[in-house]
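Generate the whole structure from the sequences, applying the supplied hints.
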Amino acid sequence: MNRDIEKHLWEYVQKNCLPRHSEQVYSDDENLFESGILDSAGLVSLVGYVEETFDIIIPDEDLLPENFMSVKAIANYIRSWQQRQPQAMAMEV
Amino acid sequence: MGEVKKCVVWDLDNTVWEGVCLEGPVRLRPEVRQTLEELDCRGILHSIASRGDADTALQVLQNYKLTDYFLVPQINWQQKSANVVKIAEELGIALDAMAFVDDDVFEREQLAFMLPEVLTIDAGQVGELPQMAAFSPATLTQESRSRRLFYRAEQQRKQNEKQYPTREEFLKSCRMCLTVRHMKEADFPRVLELMSRTHQLNTTGKIFGPQELREMLQDKSGSVVVHVADLEDRFGSYGTIGVAIVISAVQPWRLIYLAISCRVLGRGIERAFLARLTEDARRQGLDTVEAAFRDTGRNKMMRSLYQMMGFRHRDSLTENGTLIFSARADKIPAVPRWVEVL
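One line per chain: the protein sequences are A and B, in this order.
Take 1 as the starting number for the first sequence in the numbering used here and just add one per residue.
Take 94 as the starting number for the second sequence in the numbering used here and just add one per residue.
It is worth saying that the hints were derived from the structure and are not from the lab.
Heads up, the beta-carbon is just placed ideally off N, CA and C, and yes, glycines get one too.
Be careful, since some hints might not be right.
To be verified - Facing chain A, according to a computed beta carbon distance under 8 angstroms, are these residues of chain B, among others:
1. E363
2. M394
3. M401
Written as structure tokens, this is what we have:
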């Protein structure tokens with residue numbers, strides 16, 4: 001499976017939500033809220049980043065644990081969105 | 094090389110002092126102290142790349158009360174060029190903004206060979222440094238004078254981060270304590286202020302008048318409860334940072350208003366407060382809790398908070414533009430592990 005989306009998301013998290021020299025490695029399943037990496041403000045910023053980077057619009061009602069709890073969930077959410085909108089597939093990220 | 098340097102890296106033996114400190118007593122060269130002080134005032138940093146034993150050398154610097162001038166000193170048996178690169182990286186300074194002072198011509202030549210962008214200076218010229226263009230910035234500000242302290246604080250912060258391998262451990266180290274209690278008369282001014290000044294972390298944006306609030310406070314039936322939350326951590330007290338209004342006489346339990354100060358964003362306090370409030374409902378044996386939300390155009394964070402905590406909005410439940418969210422009381426995530434709630 002192509003892991004580009006996960007890589008983008010981890011780069012964002014590394015840069016914005018973790019200590020600058022952190023060497024801690026998290027799995028894609030890590031619960032970003034329970035581990036203190038994201039909170040309400042962090043999620044809203046991340047959503048803005050995802051919308052801009054992947055050229056999608058995330059409706060407020062989609063801000064649910066099953067879509068945003070972990071890097072894996074977010075990546076799957078982005079993929080399902082891209083499948084619903086085939087023209088977005090052409091976008092190289 | 095024409096640019097003003099930002100950092101001077103010093104050799105120690107026969108450069109900062111006469112003699113070799115591992116071999117016997119040494120004597121500080123008087124012009125060294127003057128140059129250190131003068132360049133420090135100009136915002137130019139100092140560091141050390143010296144061969145030898147770190148403890149012994151640092152003790153000598155301590156005796157001369159010079160330790161504070163030197164950031165990230167590298168005293169070891171490695172190549173000096175490797176140490177200069179390490180210092181540049183640690184301080185975030187480009188190599189062409191570094192200078193290197195050593196009495197040994199071989200060391201200077203080797204450094205110039207390895208790192209041609211670094212300016213090398215003979216220890217004999219130490220007294221002349223303040224006159225050189227490379228150490229004479231065009232302007233001096235209060236900021237230049239305190240630059241060393243700024244870098245030192247930054248070093249400490251990095252150390253702190255390294256000390257805690259995960260974000261959760263860092264948050265735990267802050268020892269946050271959230272006290273959730275019923276609002277009292279004395280809380281009036283702060284609660285009114287919180288309600289009027291909080292926009293992002295405000296679930297409805299409703300402005301309650303003092304009279305309205307007082308009536309809720311005086312409600313003795315227990316059907317309306319105004320909760321406030323105070324936060325404290327090891328750095329000090331933040332005072333009252335949240336207010337919540339719960340109506341519970343009529344089933345189901347409903348949170349009609351929640352506002353939290355933006356000052357405490359970024360540490361899961363809003364999750365802790367909401368989790369603590371809904372715990373009450375669960376203890377009362379209620380299955381379902383409800384929460385009101387009105388989109389003000391600025392409070393998306395609160396909607397996401399509700400939804401990420403397990404609340405869902407059903408289209409049927411909209412009252413005058415206010416969305417009613419509901420959740421199973423036993424499905425709401427617990428208070429974050431790094432927050433103690435009283």
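Broken hints, numbered, in rising order?
none
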